[in-house]
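Participant: Keeping their order, the protein sequence lines are chains D and F. All residue numbers for the first sequence refer to my numbering, where the first residue is 1 and numbers rise by one. All residue numbers for the second sequence refer to my numbering, where the first residue is 1 and numbers rise by one.
These are computed hints drawn from the structure, not numbers from a lab. This structure is a prediction, so every number in the text was calculated from the model and none was measured. By construction, the Cβ of each residue, glycine as well, lies at the ideal position given by its N, Cα and C atoms. Any given hint could be a false lead.
[Stated by the list, open to error] Here are some, though not all, of the chain F residues that point toward chain D, as calculated from beta-carbon distances under 10 Å:
| hint | residue |
| --- | --- |
| 1 | GLN14 |
| 2 | GLY90 |
| 3 | THR100 |
| 4 | LYS104 |
| 5 | GLY107 |
| 6 | LEU112 |
| 7 | LEU115 |
| 8 | ASP116 |
| 9 | VAL120 |
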Amino acid sequence: MGSGGIQIIEENENEANGTAVETDYSGHESVVRVRGVKRTYEIGGTSVHALRGVDIDIKRGEYISIMGPSGSGKSTLFNMVGGLDKPTEGTVFIDEVDIAQLDAFELAWMRCRKIGYIFQSYNLIPVMTALENITLPMIFAGRDLDYQMEKGRKLMEAVGIAHRMHNKPSQLSGGQQQRVAIARALANDPAIILADEPTGNLDQKTGMEIIELLKRLNRESGVTIITATHDDKMLDVSDRIVWISDGKIARIRHRSEVDIKVGTIEGEV
Amino acid sequence: MASMSAGPAKIERQISLPPEQAFKIALRNITIRLGRAAITGAGTMLGIAFLMSVFTSTAIQMAKGIEILPEQQQKNTWLVVMSLLVSVVGITNAMLMSVTERYKEIGTLKCLGALDNFVVKLFLIESALLGFFGSLIGSLIGMVFMLLTGMGVLGSIDWVGLLMRFGACILLGTLLSILAAIPPAMRAAKMPPVEAMRAEI
Chain D
1 MGSGGIQIIE
11 ENENEANGTA
21 VETDYSGHES
31 VVRVRGVKRT
41 YEIGGTSVHA
51 LRGVDIDIKR
61 GEYISIMGPS
71 GSGKSTLFNM
81 VGGLDKPTEG
91 TVFIDEVDIA
101 QLDAFELAWM
111 RCRKIGYIFQ
121 SYNLIPVMTA
131 LENITLPMIF
141 AGRDLDYQME
151 KGRKLMEAVG
161 IAHRMHNKPS
171 QLSGGQQQRV
181 AIARALANDP
191 AIILADEPTG
201 NLDQKTGMEI
211 IELLKRLNRE
221 SGVTIITATH
231 DDKMLDVSDR
241 IVWISDGKIA
251 RIRHRSEVDI
261 KVGTIEGEV
Chain F
1 MASMSAGPAK
11 IERQISLPPE
21 QAFKIALRNI
31 TIRLGRAAIT
41 GAGTMLGIAF
51 LMSVFTSTAI
61 QMAKGIEILP
71 EQQQKNTWLV
81 VMSLLVSVVG
91 ITNAMLMSVT
101 ERYKEIGTLK
111 CLGALDNFVV
121 KLFLIESALL
131 GFFGSLIGSL
141 IGMVFMLLTG
151 MGVLGSIDWV
161 GLLMRFGACI
171 LLGTLLSILA
181 AIPPAMRAAK
191 MPPVEAMRAE
201 I
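Kindly produce the complete structure, drawing on both the sequences and the hints.
Facilitator: Now the structure itself:
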């Protein structure tokens, strides 16, 4: 951090307990509910416990950041709430559906309609133009061409890249590619957007723009955003921040409980 | 499409990849990696060129009135089968490499809601296209080069039979190419969507 712009000062360290915070949310409508989830991998005959019992509720419309060092189980939890992995023990409900009960078709349908994915390395389909990348999930969803074109155009305007509609990903900058990816994630009006280190490959300024875009979309369309991140800039816009360590939730904090001081170096932002 | 008239209730529970879209994507995948596609297609091309040249030389011999010995025919069959097998293995190998290369892309498709069979469809269409064009070129090469050796008897060649074999060669080349792509396509389809999250490769 040092000369960087951001400092985090935490308060109320003494009541750091995941379950305590969870009960605060019991009355709200949750889009994701994680209950007693354990995940064990068998690697070369030995069991690796990636998650050792995690409980968390994520409210509809919430902007949540999951933080933790590599190997903490952060990615496993992240994949779990995104329907990319199933728990060894416990249950994960996405939109009140237990994902362990879904067959391949239902899982694919859920990924298509309920969840939008954003990746660190954008993952646009290289052979398709920006617009085609955005309309692809709509093709899967069985939308007709007129709908695709209109929605595609609207989304491109919403993320501010309408002028690059017919460009291939290779002709776009990293920030523009991530904007296309965000528009693609929104194509089928998902309940959740899952963003894996969305600013990891971007410079400070572009990263900030992407974060602001995500926050704006979160506010305007009420989509739940779940991010896994190392980026402290991301914490500032999050409603809650979840720290994972050693396969467990170390602590959950509301934005108001975390004092984030974002300073800038001249010319940086 | 059917989904239009069926109304929103029907749209809710379906995931689809219309054939024309699958075809478009597969064709793009070929054109954007033309070098690799050419190498994959060359496998089919060579095998089929050899088969067609055997057919053509047989037709020329018959036109010249030379009797074809059963031993020679047996030997030819053997060589053709071997060369086609080599082509099939070559295509499978090239397609497997192309699957590995596209791991992230396939994972992304699955994250966007693609079913296993969409991925299989894309790879098989791609291979069928390569097989078709490869065997079309191969058949032409095989036939034209052999015909050059039988310039004197062009008039007495059984053209109908030869053209039927030409068609059969293209059909066989395309089918073998599809067959060869089945193991790589299955492998691609089985890939878990979480692969898309990997930062490297």
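Participant: Evaluate each hint against the coordinates.
Facilitator: Evaluation of the provided hints:
no.	hint	verdict
1	GLN14	5 Å, holds
2	GLY90	24 Å, violated
3	THR100	16 Å, violated
4	LYS104	6 Å, holds
5	GLY107	8 Å, holds
6	LEU112	5 Å, holds
7	LEU115	5 Å, holds
8	ASP116	7 Å, holds
9	VAL120	13 Å, violated
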